[in-house]
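Trainee: Each chain, written out:
Number of protein chains: 2
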Amino acid sequence: MKLEEKVVKLLHEKNLVMSCAESCTGGLIAKRITDVSGSSAVFNCGIVSYSNEIKEKVLNVKSETLMEFGAVSEQTVREMVKGVLAISGADIAVSVSGIAGPNSDNTDKPVGLIYLAVSDGIKTVVKKLNNQFTTDVRNSNRISASDEALNLILKMIGE
Amino acid sequence: MKLEEKVVKLLHEKNLVMSCAESCTGGLIAKRITDVSGSSAVFNCGIVSYSNEIKEKVLNVKSETLMEFGAVSEQTVREMVKGVLAISGADIAVSVSGIAGPNSDNTDKPVGLIYLAVSDGIKTVVKKLNNQFTTDVRNSNRISASDEALNLILKMIGE
Numbered sequence: 001m002k003l004e005e006k007v008v009k010l011l012h013e014k015n016l017v018m019s020c021a022e023s024c025t026g027g028l029i030a031k032r033i034t035d036v037s038g039s040s041a042v043f044n045c046g047i048v049s050y051s052n053e054i055k056e057k058v059l060n061v062k063s064e065t066l067m068e069f070g071a072v073s074e075q076t077v078r079e080m081v082k083g084v085l086a087i088s089g090a091d092i093a094v095s096v097s098g099i100a101g102p103n104s105d106n107t108d109k110p111v112g113l114i115y116l117a118v119s120d121g122i123k124t125v126v127k128k129l130n131n132q133f134t135t136d137v138r139n140s141n142r143i144s145a146s147d148e149a150l151n152l153i154l155k156m157i158g159e
Numbered sequence: 160m161k162l163e164e165k166v167v168k169l170l171h172e173k174n175l176v177m178s179c180a181e182s183c184t185g186g187l188i189a190k191r192i193t194d195v196s197g198s199s200a201v202f203n204c205g206i207v208s209y210s211n212e213i214k215e216k217v218l219n220v221k222s223e224t225l226m227e228f229g230a231v232s233e234q235t236v237r238e239m240v241k242g243v244l245a246i247s248g249a250d251i252a253v254s255v256s257g258i259a260g261p262n263s264d265n266t267d268k269p270v271g272l273i274y275l276a277v278s279d280g281i282k283t284v285v286k287k288l289n290n291q292f293t294t295d296v297r298n299s300n301r302i303s304a305s306d307e308a309l310n311l312i313l314k315m316i317g318e
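Each protein sequence line maps, in turn, to chains H and F.
Going by the numbering used here, the first sequence opens with residue 1, and the numbers climb by one from there.
Going by the numbering used here, the second sequence opens with residue 160, and the numbers climb by one from there.
Excised from the complex, chain H in its bound form (with noise of 0.2 Å):
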């Protein structure tokens, strides 16, 4: 079974419902689970914020979080899954902000640093991704981050 099938049979197992919102993988979570027949009754809203305007004016990201951490950190993963949790209203949301590369983000950030978070509005859980692929780097990482993210889903409402 895929990782979205699984992720996707453990929300209705437990009659919960999930959204997303993303920064690096730019759709690649929402499309997954979404790939899978059924996701309609577990899965409500994904957000693609690949700007830093649109994190602030649809997520409620900080600009002080931007400007001081910057949109790949773990503060701006923190405030991106609480605001897709106020406008979804679902139970657990996951977050990812990355640098998916081939090339840098015009910091001195490293292509491969990816954080994630989830969180069920109670409990929030951060994940930071040092990936250094050497081929097909910016598939891979957004791949990876991907998985990491289902992944955080499953482990969090419990495998």
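Hint data in this document are derived by calculation from the structure and do not stem from the laboratory.
Treat the hints loosely; a few may be bogus.
[Said to hold, decoys possible] Computed cross-link-like contacts, SDA-like style, restricted to lysine to any residue with a CA-CA straight-line distance of at most 20 Å: (1) F:Lys216 / H:Arg138; (2) F:Lys268 / H:Gly38; (3) H:Lys109 / F:Pro261; (4) H:Lys62 / F:Gly248; (5) H:Lys57 / F:Ala200; (6) H:Lys9 / F:Pro261; (7) F:Lys168 / H:Asn103; (8) H:Lys57 / F:Asn219; (9) H:Lys57 / F:Val176; (10) H:Lys57 / F:Glu215; (11) H:Lys57 / F:Ala245; (12) H:Lys6 / F:Lys161; (13) F:Lys161 / H:Arg138; (14) F:Lys168 / H:Pro102; (15) F:Lys161 / H:Glu13; (16) H:Lys57 / F:Lys282; (17) F:Lys216 / H:Gly89; (18) F:Lys165 / H:Asn139; (19) F:Lys168 / H:Arg138; (20) F:Lys161 / H:Asp136; (21) F:Lys216 / H:Asp35; (22) F:Lys161 / H:Pro102; (23) H:Lys9 / F:Arg297; (24) F:Lys268 / H:Ser37; (25) H:Lys9 / F:Asn298; (26) F:Lys216 / H:Lys6; (27) H:Lys57 / F:Lys216; (28) F:Lys161 / H:Ser140; (29) H:Lys82 / F:Lys216; (30) F:Lys216 / H:Asn139; (31) F:Lys287 / F:Val270; (32) H:Lys57 / F:Asp306; (33) F:Lys216 / H:Ala86; (34) H:Lys2 / F:Asn298; (35) H:Lys2 / F:Ser299; (36) H:Lys2 / F:Gly248; (37) F:Lys216 / H:Ser40; (38) H:Lys9 / F:Asn262.
Given chain H, put chain F in place with the hints provided.
Mentor: Just chain F now, with coordinates in the frame of chain H:
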């Protein structure tokens, strides 16, 4: 060159930014655009409004529209594209709502019925698909709808 690469290249050339609002494609359009390196300069926002509630709350689709015409309708995709343009401030946007299958949506609308709208804020063009795939129905409908969305963008900004 892939369709999404053509779109990103043309947006760069024309110095335009796009956004999208997706229902049945569930993030696939945003995912395809952001597969392309350099897309962050020309794509700022994707809204995956998988439930009617999110279509209303985030994209400002009227509840009367959803009640009278349903989520899979010309009227709904018109309001979705208007909504995402307003949120994102992008130059051009595309929206999609349809029945990807394999099951219908508890209405009398058939699997494979998909509406798309593309708009630059002044002109809006709507397209209706009546796909009749017999194998790999869900995936085929989603790919077909995302191809069509990218083609509508190309057409509106001028190939």
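Trainee: Verify the proposed pairing of Lys57 (chain H) with Lys216 (chain F), using a straight-line Cα cut of 20 Å.
Mentor: Cα-Cα ~14 Å, so holds.
Trainee: Holds or violated: Lys161 (chain F) with Ser140 (chain H), Cα cutoff 20 Å?
Mentor: Answer holds: Lys161 (chain F) to Ser140 (chain H) is near 19 Å, not above 20 Å.
Trainee: Holds or violated: are the alpha carbons of Lys57 (chain H) and Lys282 (chain F) at most 20 Å from each other?
Mentor: At roughly 25 Å apart (the allowed maximum being 20 Å), Lys282 (chain F) and Lys57 (chain H) break the hint.
Trainee: For the pair supplied as a hint, Lys9 (chain H) and Arg297 (chain F), confirm whether the alpha-carbon distance does not exceed 20 Å.
Mentor: Holds. Lys9 (chain H) to Arg297 (chain F) sits at ~18 Å (cutoff 20 Å).
Trainee: Lys9 (chain H) and Pro261 (chain F) were given as a pair; does the straight-line alpha-carbon distance stay at or below 20 Å?
Mentor: At roughly 17 Å apart (the allowed maximum being 20 Å), Pro261 (chain F) and Lys9 (chain H) satisfy the hint.
Trainee: Next pair to validate is Lys216 (chain F) with Ser40 (chain H); report whether the Cα-Cα distance is within 20 Å.
Mentor: holds, 17 Å
Trainee: Given the proposed pairing of Lys2 (chain H) with Gly248 (chain F), does the C-alpha separation stay at or below 20 Å?
Mentor: violated, 37 Å
Trainee: When you check the alpha-carbon spacing of Lys268 (chain F) and Ser37 (chain H), does it fall within 20 Å?
Mentor: With a Cα-Cα distance of about 17 Å, the restraint between Lys268 (chain F) and Ser37 (chain H) holds, given a limit of 20 Å.
Trainee: Given the hint that Lys2 (chain H) pairs with Ser299 (chain F), does the C-alpha gap stay at or below 20 Å?
Mentor: holds, 19 Å
Trainee: For a C-alpha distance cap of 20 Å, please report whether Lys168 (chain F) and Arg138 (chain H) respect it.
Mentor: holds, 18 Å
Trainee: Straight-line Cα separation of Lys109 (chain H) and Pro261 (chain F) no greater than 20 Å?
Mentor: violated, 43 Å
Trainee: Is the straight-line distance between the alpha-carbon of Lys161 (chain F) and that of Arg138 (chain H) 20 Å or less?
Mentor: holds, 16 Å
Hints 1, 3, 12, 15, 16, 21, 26, 30, 32, 36 from the earlier list are contradicted by this structure; the remaining hints agree with it.
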